[in-house]
Amino acid sequence: MTPESRAMLRIALRETSTDLLAYFERRVRSREDAADLLGETMLQAWRRTDALPETAERQRMWLFTIAAHVLANHARSVRRRTALADRLRDHLSTAPTSPDPAEASAVRDAVLRLHDAQRELVMLIHWDGFTIVEAAELLGLNPSTARGRYAAARQALRQALAETVSP
Amino acid sequence: MDLNELLTRSAPPVTTRTPNLDRELRDLAAAAEQAARPRRRRLRVGIVGAVVVGVLGVGAASATGLVPAPGWVPWTSSSGKSCRMQLDVVPALDKHGNVINGEPLPGHFTQAEQQEALDEARAFLASYDYASIDRPAAIRAWKAAEAKVRASEPPGERQPILRGADMEQMAMSRVVWRDLKAHLTAHGINWRLVVSGESWRCE
Numbered sequence: 001m002t003p004e005s006r007a008m009l010r011i012a013l014r015e016t017s018t019d020l021l022a023y024f025e026r027r028v029r030s031r032e033d034a035a036d037l038l039g040e041t042m043l044q045a046w047r048r049t050d051a052l053p054e055t056a057e058r059q060r061m062w063l064f065t066i067a068a069h070v071l072a073n074h075a076r077s078v079r080r081r082t083a084l085a086d087r088l089r090d091h092l093s094t095a096p097t098s099p100d101p102a103e104a105s106a107v108r109d110a111v112l113r114l115h116d117a118q119r120e121l122v123m124l125i126h127w128d129g130f131t132i133v134e135a136a137e138l139l140g141l142n143p144s145t146a147r148g149r150y151a152a153a154r155q156a157l158r159q160a161l162a163e164t165v166s167p
Numbered sequence: 001m002d003l004n005e006l007l008t009r010s011a012p013p014v015t016t017r018t019p020n021l022d023r024e025l026r027d028l029a030a031a032a033e034q035a036a037r038p039r040r041r042r043l044r045v046g047i048v049g050a051v052v053v054g055v056l057g058v059g060a061a062s063a064t065g066l067v068p069a070p071g072w073v074p075w076t077s078s079s080g081k082s083c084r085m086q087l088d089v090v091p092a093l094d095k096h097g098n099v100i101n102g103e104p105l106p107g108h109f110t111q112a113e114q115q116e117a118l119d120e121a122r123a124f125l126a127s128y129d130y131a132s133i134d135r136p137a138a139i140r141a142w143k144a145a146e147a148k149v150r151a152s153e154p155p156g157e158r159q160p161i162l163r164g165a166d167m168e169q170m171a172m173s174r175v176v177w178r179d180l181k182a183h184l185t186a187h188g189i190n191w192r193l194v195v196s197g198e199s200w201r202c203e
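Those sequence lines, one after another, are chains A and B.
Position 73 of the first sequence, counting from 1, maps to 73 under UniProt numbering, and the rest follow consecutively.
Position 45 of the second sequence, counting from 1, maps to 45 under UniProt numbering, and the rest follow consecutively.
Read the hints as simulated data drawn from the structure, not as lab findings.
Since the model is a prediction, treat every value here as computed from it, not as a measurement.
Treat the hints with caution; some may be incorrect.
Here are some, though not all, of the chain B residues that point toward chain A, as calculated from beta-carbon distances under 10 Å [to be verified]:
1. Asn4
2. Arg9
3. Pro13
4. Glu33
5. Phe109
6. Ala112
Pair by pair, the computed Cβ-Cβ distance ranges are [said to hold, decoys possible]:
7. A:Thr97 with B:His108: 33 to 39 Å
8. A:Glu4 with B:Lys143: 19 to 25 Å
9. A:Thr131 with B:Ala186: 48 to 54 Å
10. A:Gln159 with B:Thr16: 31 to 37 Å
11. B:Thr16 with A:Thr131: 21 to 27 Å
12. A:Glu54 with B:Asp119: 26 to 32 Å
13. B:Asn190 with A:Pro101: 42 to 48 Å
14. B:Ala123 with A:Glu4: 32 to 38 Å
15. B:Val90 with A:Gln159: 44 to 50 Å
Glycine included, C-beta positions come from ideal geometry on N, C-alpha and C.
One chain only, chain A, in its complex shape (with noise of 0.2 Å):
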């Protein structure tokens, strides 16, 4: 681990920890969860600065990347509470939310009803602004593939939203 990658990777954690942060938020039930993946995903990156990449669009690539796997690993173990998120856990535990709009509850429920394969690919690009490619990339999908689930996934959604959604 070279100063200069450490440098890199402080940068990189300050520009994406709070896109991270969101990323856990979306996809647990607890905010505190968020807070203890969030702290899980940064200890793996300090553990793996060799592997960083260079370019800072590579460089988010390669957190969310290991975000993804926490995530999964957090979906198949009981949850591991962390000494390392104390302090980021009581914050969330009582910081305010960003608004949750009157229709987004309905439009949720459509996403969250679709099938696996197509669900993570509309978060990442909606919820979270990743591009199609970039979606692909973090789901292991070929991005024609990816293009191909999107387009269907927005067809059942356009379905499931007939009555919201203006023609």
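Following the hints, position chain B against chain A.
Only chain B this time, still in chain A's reference frame:
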């Protein structure tokens, strides 16, 4: 309202970004950095770029003496110790494509690609001419890398400098891992699909 806007607005609420949240996130990143600092040999593993999965180490020779075993490469240290090392690789992914060793991999890899990488790496290690390693050059390179890492660490957290056969072993295996990485890359194989490990013992 079109579908794109509806979907964007459907994102579950998240914690509002405030200076306080930014500070907590910075503190968490700093705490994680501190917690991840290597304490023992892991620093050296970082230099080598390999994951040591079974280090026996210097002085770990069995009471009955060394018994030659398949895959163990004999060598003699500069001080005359009889040593042997075994370098091997394990797959990074399981049959479902999940990471089981090493770091997360960008992209998707098939089981066939994983197996190809493993087979190619093991064939490379089996046919490698270990006697061809320029040990003095390897040791110089090792010491330079080690000095660079130590210079980046606070004095109180620096690990002891490797010496003797232990150092020579790490210097030589570093060359092998470098060559393996180049070999796989030259064959169009992602070297991250294999995770390297090494064992060695001297008497």
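Against the structure, the hints:
1. Asn4: holds, 7 Å
2. Arg9: Cβ of Arg9 of chain B sits 5 Å from chain A, so the hint holds.
3. Pro13: holds, 4 Å
4. Glu33: It holds, given that the least Cβ distance between Glu33 of chain B and chain A is near 5 Å, below 10 Å.
5. Phe109: Constraint on Phe109 of chain B satisfied, holds at 8 Å.
6. Ala112: Since the shortest Cβ distance to chain A is 15 Å, the answer is violated.
7. A:Thr97 with B:His108: 33 to 39 Å: Once the Cβ atoms are compared, 34 Å apart, the range 33 to 39 Å for His108 of chain B and Thr97 of chain A holds.
8. A:Glu4 with B:Lys143: 19 to 25 Å: With Cβ atoms ~20 Å apart, the hint holds.
9. A:Thr131 with B:Ala186: 48 to 54 Å: violated, 32 Å
10. A:Gln159 with B:Thr16: 31 to 37 Å: Cβ of Gln159 of chain A to Cβ of Thr16 of chain B: about 34 Å, so the range 31 to 37 Å holds.
11. B:Thr16 with A:Thr131: 21 to 27 Å: Check passed, 26 Å falls within 21 to 27 Å.
12. A:Glu54 with B:Asp119: 26 to 32 Å: At roughly 30 Å between Cβ atoms, Asp119 of chain B and Glu54 of chain A fall inside 26 to 32 Å, so the hint holds.
13. B:Asn190 with A:Pro101: 42 to 48 Å: holds, 43 Å
14. B:Ala123 with A:Glu4: 32 to 38 Å: Given range 32 to 38 Å: holds, Cβ gap about 35 Å.
15. B:Val90 with A:Gln159: 44 to 50 Å: holds, 47 Å
Consistency with the previously given hints fails for numbers 6 and 9, ordered from lowest to highest.
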